[in-house]
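Trainee: These are the residues of each chain, in order.
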Amino acid sequence: MTIIKVENLCKDYRQRKGREGLTGAIKDVFKREDKIVKAVDNISFSVEKGEIVGYIGPNGAGKSTTIKMLIGILVPSSGAIDVNGVIPFKHRELNARRIGVVFGQRTQLWWDIPLSETLSLMRYVYDVPEQQYQENLKIFADILAIDKFIHTPVRQLSLGQRMRADISVALLHNPDILYLDEPTIGLDVVVKERIREFILEVNKKRNTTVILATHDMSDIERLSSRVMVINTGKLVYDGNLDTLKKRYGSEEMIVAELANKIEDTSELTGMGVDEIKYQDNKITIKYDSLKINSSTVLKWLIDKAETKDISIKVTPIEDVIRKMYAVRN
Amino acid sequence: MKKYLKFIQISFYNGLAYRVEYFVGTFRNLVILLVQLCVWRALLTAGSVTTSTGVVTLREMNTYVLISSMIGTLLTVNVVWNMTDRIRNGQIAMDLLKPMNFQAYTFANMLGQNMFAFLFQLLPILAVGIIFVGMNFPSIPNLLLFQFTMINAIVISFQINYIIGLVVFWYLRGWQANIVWMLNRLFSGAYIPLWFFPTFLVTISNFLPFRLYYFVPISIYLGTLTPRDCLYAILQQFAWMIILYGLTMLEWRAAMKKLVIQGG
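Chains L and Z are the protein sequences, given in the same order. If you read the first sequence in my numbering, its first letter stands for residue 5, the second for the next number, and so on. If you read the second sequence in my numbering, its first letter stands for residue 7, the second for the next number, and so on.
The set of hints was computed from the structure by calculation and includes no laboratory data. Nothing here was measured: the structure is a model prediction, and the numbers come from that model.
Sample of chain L residues facing chain Z (criterion: CB under 8 Å; computed from the structure): (1) Val79; (2) Gln112; (3) Asp116; (4) Ile117; (5) Leu125; (6) Tyr128; (7) Val129.
Here are the simulated lysine-lysine pairs, DSS-like style, with alpha carbons at most 27 Å apart: (8) Lys142/L <-> Lys209/L; (9) Lys8/Z <-> Lys94/L; (10) Lys196/L <-> Lys317/L; (11) Lys94/L <-> Lys264/Z; (12) Lys142/L <-> Lys8/Z; (13) Lys21/L <-> Lys35/L; (14) Lys35/L <-> Lys264/Z; (15) Lys264/Z <-> Lys238/L; (16) Lys264/Z <-> Lys42/L; (17) Lys208/L <-> Lys9/L; (18) Lys142/L <-> Lys53/L; (19) Lys327/L <-> Lys250/L; (20) Lys39/L <-> Lys263/Z; (21) Lys290/L <-> Lys327/L; (22) Lys308/L <-> Lys295/L; (23) Lys39/L <-> Lys264/Z; (24) Lys303/L <-> Lys281/L; (25) Lys31/L <-> Lys264/Z; (26) Lys12/Z <-> Lys142/L; (27) Lys94/L <-> Lys9/Z; (28) Lys263/Z <-> Lys9/L; (29) Lys238/L <-> Lys42/L; (30) Lys21/L <-> Lys263/Z; (31) Lys35/L <-> Lys263/Z; (32) Lys238/L <-> Lys263/Z; (33) Lys21/L <-> Lys238/L; (34) Lys264/Z <-> Lys21/L; (35) Lys152/L <-> Lys12/Z; (36) Lys94/L <-> Lys263/Z; (37) Lys308/L <-> Lys290/L; (38) Lys281/L <-> Lys250/L; (39) Lys209/L <-> Lys152/L; (40) Lys250/L <-> Lys238/L.
Where is the CB? At the ideal position from N, CA and C, for every residue including glycine.
Let the hints inform the model, and build the full structure from the sequences given.
Mentor: Here it is as C-alpha cells:
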C-alpha cells in the first residue's frame, strides 16, 4: 500500500544576486536582480507502507527541503504530495498527527523543563491514550534507557541522551511515518547502534514507514535496502542499495602477498583488469567486477604464484557516493 | 483543547525559573509608575483638572496610572520577539510539525507568561496604590464590566502583535513592530488619557483599536463612560476581534507560502 506519493515536486527560492562594486550596490537599491535557485527540481517517487528508505545527497542537495515539504512545514512551488491520503501543506495539523520527526541538528524538547515534562506535554499535544503512553515509556526505558535521565533538565543532557529523548518524543504517539534527518550525527558508536536497533524494532513491530535522510553510510547500510540519491535538487538514483553498489561501485581490488615474484603479467592485463601494481612482495590488482569476475583473477593468481595472503576489497559505499556527489553545479 | 491549557501552565511555571528577570522587571515598572504619579501630582496642583469630558481629580488620575500599570503586565510584548527568534534560528520548524494551531499555541504561551507577570506585580502595585497614594475602587457592575473588557483587550492586543509577528515569516526581521508600538503608546491612552487629547487626535483614535485595551477598560473601571458609550466600546471590541482574526487567517496562508526555514 502506497503511503507516500510525490509527483513532480519543485521548490524554488529567490536569491538576491548582489551586483559587484559600488555602482552595482547602488543599482541594487533601485532594482533587485534575483536569481531563482531550484532547491528541489522535479522529484517524483513513492513509498510503500513499512519501507525504510534512505535519502542521501551532499549538503545543499535538497534533502531537508524535501523532508520539510513532506512534513508540511514548507509549501512546494509546484507538484503534488500525498501522504496517507492527505496533502501535508494543505492539512498541516491533520498530517502532523500521524507522523514523527527527528531533526538531528535541532531538538523538539523544551529547554528548561525535564524530559518527563516534555513527554507529558506531548501526550496532550498528540492525544495519546494513557495506556499507550505508559507502554511506550516502558519501551523507551528498556531499549533507549531514557529512565536514567528522564528527570534531568534538557539543557543538561549530553548529545546522545538528547537524541534518544528526541526519538522517544517522535515515537510516543505511534506514528505511521517516521522522518529522520541526520539522527545519528555526532553520536558515538554505541549510541548509534542502540538507536539503529530501535528503529529496526519499531519498523518490524509496528510496520512504521521510515524516511532516513543522512550522510552516514553505515546508517543506510544497516537500516535500509532502498536508497534515493539527490544531487542539486534532482533525484539521480532511486532503487536497491546493492544494485547501486554494483552499478557505480563495481571497482574491486585484490591485494596478495606472494612468495615469488610474477614476471609476466601481460596475460592478466589481457583478461581485462584495470591496473596492476607491485610493491616488494605485494601485488595489487584493480579491476571492474562487471568486466571480470574476482574468482577469475584469484584463479590466475594462485596458478601463477605461491600466495601467502590474499584479501579482496570492494569499493566502499562512501567512494560510490563520492563519485555521484562530485557532479555539482 | 487540553493541550493549550498545558501550554499555559508550562509557560506560567517557567516564570518561576526566571525569577530574577521578574524582580528586575517589577522594579522597572514600579519606577515608571512612581515617575508618572509624581508627574501628575505636579500637573494637578489644584487637585483636579477640567478636561473635555469633565472634572478629573488627582485621585482619579492616580488610579488611572495604577490600573494602566497593571494592564501593562497582562498585555503582550514578547510575542513578536519570541516569534522572530524562533523563525531566525529555525526552531519554528519544531512548532509547525506538531498537530496544533500555531496561533492558539502562541496565545497560550503568552497567556501563561503574562499571567505570571501580572500576579508577580499585582501586590507591589496595589501596595503603592492603597498605602502610598490612594486609589479608587469601582462598583461591582463596573468591576465585572471592566474584567469582561479586559479579556477582550488581551485578545485584541495579542492579535495585533501576532499579525506583526507573522510578517517575520518572510521578512525575517521584527523592527516594524516598533512603529505599531509607537502608535500604540500614543493612541492607547496607556500613559496619557484621551481626555487630554485635542479633538482631531481623539477622532483618529476612535478608528484605531489601541484605545480599546487601555483607555476604554480604565474608563469603565473609573466609571467615566456612560452606559451607551460602554456598549458602543464593547461592540467595537468585538468588531475589531473579528476583523483582526480575519487578517490573521489571510496572513497565515501567505506567511506559510513564503516561510523560509533556516538550516538544513
